[in-house]
Amino acid sequence: MFDPVSLEIMWSRLINITEECWVTIWRTAFSTIIGEAQDFGCELLDARANSIAHSPRSMPVFNLTLPQAIKALFESFPPNELEDGDVLITNDPWVCAGHLFDLAVVTPVFRSGQMVGLVGSIGHCSDIGGTKDSGHAREVYEEGLQIPPLKLYRAGRLNDDVAAMIRRNVRRPEMVFGDIQAQVGSNRIGAQRLLEFMEEYGLETLEPLAHEVQHRAETAMREAIAAVPDGTYASEVEFEVAGQRLRLPCKVIVAGDELTVDWEGAPPELPFGGVNCTGTYAAAHTTYALKSILTPEIPSNAGCFRPLHVRAPEGSVLNCRYPASVNQRTMVGWFCGPAVFRALAPVLADHVQAFTGLPALCAGYGRDAHGRTFNDHIMFGGGQGGGRNTDGNSAVLYPTSAANVPVEMFEQRTPLMVERKELIPDSAGAGRHRGGLGQQVVIRKLYDDGLPVQAQVLPHGIGSPLEGLLGGRSAGPGRYKIAGKVITKAAGLTQLAELRKSSDVVILEAAGGSGFGAPRERPLELVQRDLTEGYITPRGLAAYGARMRNGKVVRSPMKRLAKTKRVVIARPAGPKQSPVTEIATRLRRSR
Amino acid sequence: MTKNMSYRLAVDIGGTFTDLVLLDEASGALHGHKILTTPHAPEEAALRGLRELCARARITPAQITILIHATTLVTNALIERKGAATALLTTAGFRDTLEMGKEQRYDIYDLFLKYPDPLVPRRWRVGVRERITRDGEVRVPLDVPAVRRTVGNLVRQGVEAVAVCFLHAYRNPAHEQLVKTLLEREFPDLSVSVSSEISPEIREFERTSTTVCNAYVQPLVDHYLRGMETALAADGFRGRFLLMLSSGTLAAPDVARRFPVRLLESGPAAGALLAGHIGSLIGQPDLVGFDMGGTTAKICLVRDGRPKVTPTIEVARVHRFKPGSGLPVKTPVVDMIEIGAGGGSLAGVDSMGLLRVGPQSAGADPGPACYGLGGTAATVTDACVVLGYYDPAAFLGGAMPLDAGAAREAVSRVGVPLGLNTVETAWGIFAIVCESMAQAARLYLIERGQDPRRFALVGFGGAGPAAAARVARLLGMRQAIIPPASGLASALGLLVAPAGFDFGHSLTGELQSLNWDEVERLFVQMEDRGREMVLATGMPASSVRAERRAEMRYTGQFHDIEVPLPDRLHPGVVPAIRERFDAEYARLFGLALDGYPVQVLNWRVLVSAPGAKVDLRGSSDGATSPEQALKRRRSTYLPDGRSFVDVPVYARAHLTERSIDGPAVIEEAEATTLLWPGDRLTVDGQRNLVIEIGQSTQPTQTTQPTQSQTTAKRISR
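Chains as they are written, first to last, in our numbering: chain S, 1 to 591; chain Y, 1 to 717.
Chain S on its own, in the form it takes in the complex (with noise of 0.2 Å):
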């Protein structure tokens, strides 16, 4: 037993380690997606791989799928035949985090010759190879190299055959490898780290420790569940990727101190496009959505997720089989935590929110006049969902723990220029307390130099705004526009686009965050002010059922309410070029 005071020290302590884990990658990386975006996360666990502290900045869903991935490791290499100075390395989608950019990196920890715990992150590598156009990929061969569970050192030495076939596998082999030094480097302080802290405390083992806060954490959830109501809340949200409506039904099943998520219903797995979750992936996502609302204040550990259960049909889009394309899984595992919100909104209304608009990313690849390769992501948030008590902040980086990437260093590291950066007024969802506004990003190729750059668009959310929470209403879908050579097709999937000349263009939007309650009930100096501002013009009056009279905005009668827009969805603009501007404009009016 522990009293109250030691371990508090003690566990802080542990939460520092795995902190200074995360400065050294961050300070470290080569990619923006790790150097600027940080899509990674730190953990420490114990010898049997269950997590004792994560960095308080780490990427959720690493946090949680990690010790799976550990596991998994474990089967090939067993804990007793591990070595001081092993780094194991996987990145294999369905033990890990979902798609094959995600590489888990782990270093066992000895001490007298004993392992004692782990230290290990995953961080969503810049490249891995495979192709483009992730939109018509149809299996995870296609979609880069898979790392089986493998050793990338042995007993302290680099396993030189493994890096040759990384290097030669992936785009710009230096920042990939650059990134994976970083991982390893920063797994190799969390060892000093913990050995000393071990020493210190004169620890032959974590076990007892790790105990101790897995059980207080544990014990802390299971309070939080009992104290909602058994029974089971459903839930659906519909949404619409690779040129289909999907149905995404879920159920929350409270029993006692026990909380199951269930799947049922969940759509058949799509055959290609990347868009499958594996099952390790769609549980992360469900349990990070459920700790949010049950125990935000609780540093997390593996207690906290033993009272919850995750089940999902073998062969959907939520547990998708091998080889099934997994690559932008982001597509369809961002609603999971939407759908769960929604399925508790009645009973925790003070604790969920309402959808946020998913973020949009845009990699620019190709050799600039030098010859030199480049391959860098800008990244940015939509408007996050209203609560029962707050507005949605708008441009928010969600469920991703990410932060934007720099337009100046964007611009410094691709011959891209970045036209546009700003929030889309009445972007956001209406409501007693509205959503954030979502964001327009324009993207134009700098030079007419004739070579050209291939230009990876993510969108999210196409076409699939989501209703708000308890009488809120939704915001547009995300949204993009393409004027260049357009190579993939598919709509609301990865699309690939080559930018030959200074007038081909990228529109990405960003949608904004769904309200909550409902939109009359908002207070008219709150919408006067979000009018003054400019976060809603005059148009937008109507969805909070207000309208101006004599220069002041005023209740309109009932009736006036407007209804539901109708989606849009936008197609791909073809080769045909015209001024960003008024595609830009245009694209606003369409919705």
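Please keep in mind that the hints were generated in silico from the structure rather than gathered at the bench. Worth double-checking, as some hints may not be accurate.
Said to hold, decoys possible - So, partial list: chain S residues that the calculated Cβ filter (under 7 Å) puts toward chain Y: (1) Pro4; (2) Glu8; (3) Ile9; (4) Asn16; (5) Pro60; (6) Arg171; (7) Met175; (8) Gly387; (9) Arg388; (10) Leu397; (11) Pro406; (12) Glu411; (13) Gln412; (14) Leu423; (15) Gly534; (16) Thr537.
Yeah, the Cβ is synthetic: ideal placement off N, Cα and C, and Gly gets one too.
Dock chain Y against chain S, hints included.
Only chain Y this time, still in chain S's reference frame:
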């Protein structure tokens, strides 16, 4: 009064107190004064303090040759939103950069997190047609008539200050300069801040945020400084008036007017300078400054007698201790971390059934339970009273008696749900607060590639001396030092500050293929401007020096490390710079990378002239012997035996150079120093208390006898 009429005065206006220290340059005598701050008009307390202190020292303000000032004015204006009505001009298409920020959630499980409201409301953020590319070429020329029209409109709406931040202006400032010239000519009453002058560095959000902060506080600072100067002149002050910048250097009021955002955290910066000064006086140039007050503790690394300076700070956080919840400001600032651990930090039980201390604080109002001002929650100060560390009758020299009963009651309430008795709870509170400071310090030092065990800890501030020996022990440090007048440390630090200005500029390139002529020109420009600024503080030209640094990284990385540069730059120095970079990288991150090219992002130079050497012995008197210094013995809790022991209590003013062995308590008016068993204290020639930390093994905070011996034994170094 001496014949020599040369005096220096330091005035540090803090949130609660305004501290003043007067130095007689001839005799070295120091006079200190502490009065309550007047938040509505901070200059009032400063001027009153000045008059009172002059009267006490029997001098006139005319005899003060230099007055050095630090103030929380800028920090408070940003927190309390008391700045000017500010507008922002951006490149068209980017008016929302300021509001969007990093788009990052600073707490991944909190669905409802809040961000600070932008300092400029959306209606006053206007995009202007213009565009400069990453290479500095003008792609779209500036629409001058639109600027004129827009700003005319804004001024009619009551805008007093304008910030201008265009994309890639660090690369080519032409458009920003055009706007500035235009506005100065046509709107002479408007404050104008342009990003290419305030923070010419890549990353548009941070640069915008910095420029906006500058514009927002500029009218206020200008008004304040003018008021100070006028009032000082009316009092007969004829000397030089200097201001402390966040970088720990002094500048003339004119520089502060142009770069008011650089006045952020100027008080704490001064405290860090004092730690450095003490280090040089006692021949120990590597130290950790530990400044613990009522609300927070600040920890700062001092190397070679100087605090480390970092290029960014985050201010006005929604959650004070959550990075990412505030406004980033790119300005050189003494590198400190702030922890929510002070005398007023509140203790409680969290939802996991664990004892937590801080980061919330009882502040001065209602204050700790023992203050008897209406506070009922237990704080660190209450725990210290319960444990016998503070004498309730001698707090602030007896000026403010404490209510020990209230302290005991508050602490015991916290212990009930934990199953701990009052004393166990009190020790738990004290142990946790020390431990959380030690942990924060450890992470801070390790992130900077430093091993805490190599350093001595300098403890000051109201609560610093009580915690210093314990924190030093937890960090494995061998020594803790408590400077004289530790309650006035920041004001003392002002007296020893160097004059100077820290410049930074982005000019990116591969180390191998840089245009060194261009770089050299950039440095010469910055250094010329810096020299002018330093000369304006009255320093002789011969004392001015420039120290060049570069922020470098392996090409393709995003984060840089700082490397010192030689005085003159040309292609011949490339191998030496590369070598320094690799060595620094390896020191920080374990190993240097072979075969990766290296890139420079920002160039920095500190132009400065050294500060005064001040002897701190000045005010000492009445040193006698430990026997005479011994006031009494007091029952004090010691964790080793988990019991109260009679411990000697000494009056600091009467200590001699003979050593004292712990456990012991040393009292002075503003602070109490604790010595643990195994510690040994001496007073050095500078009147510092120097505590050699005992190497004895001390078990951890064992509050439950049932604790397993193998799992929870703490072995202190």
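Hints, one by one, checked against the model:
no. : hint   : result
1   : Pro4   : holds (5 Å)
2   : Glu8   : holds (4 Å)
3   : Ile9   : holds (5 Å)
4   : Asn16  : holds (5 Å)
5   : Pro60  : holds (5 Å)
6   : Arg171 : violated (13 Å)
7   : Met175 : holds (6 Å)
8   : Gly387 : holds (5 Å)
9   : Arg388 : violated (9 Å)
10  : Leu397 : holds (5 Å)
11  : Pro406 : holds (5 Å)
12  : Glu411 : holds (4 Å)
13  : Gln412 : holds (5 Å)
14  : Leu423 : holds (5 Å)
15  : Gly534 : holds (5 Å)
16  : Thr537 : violated (12 Å)
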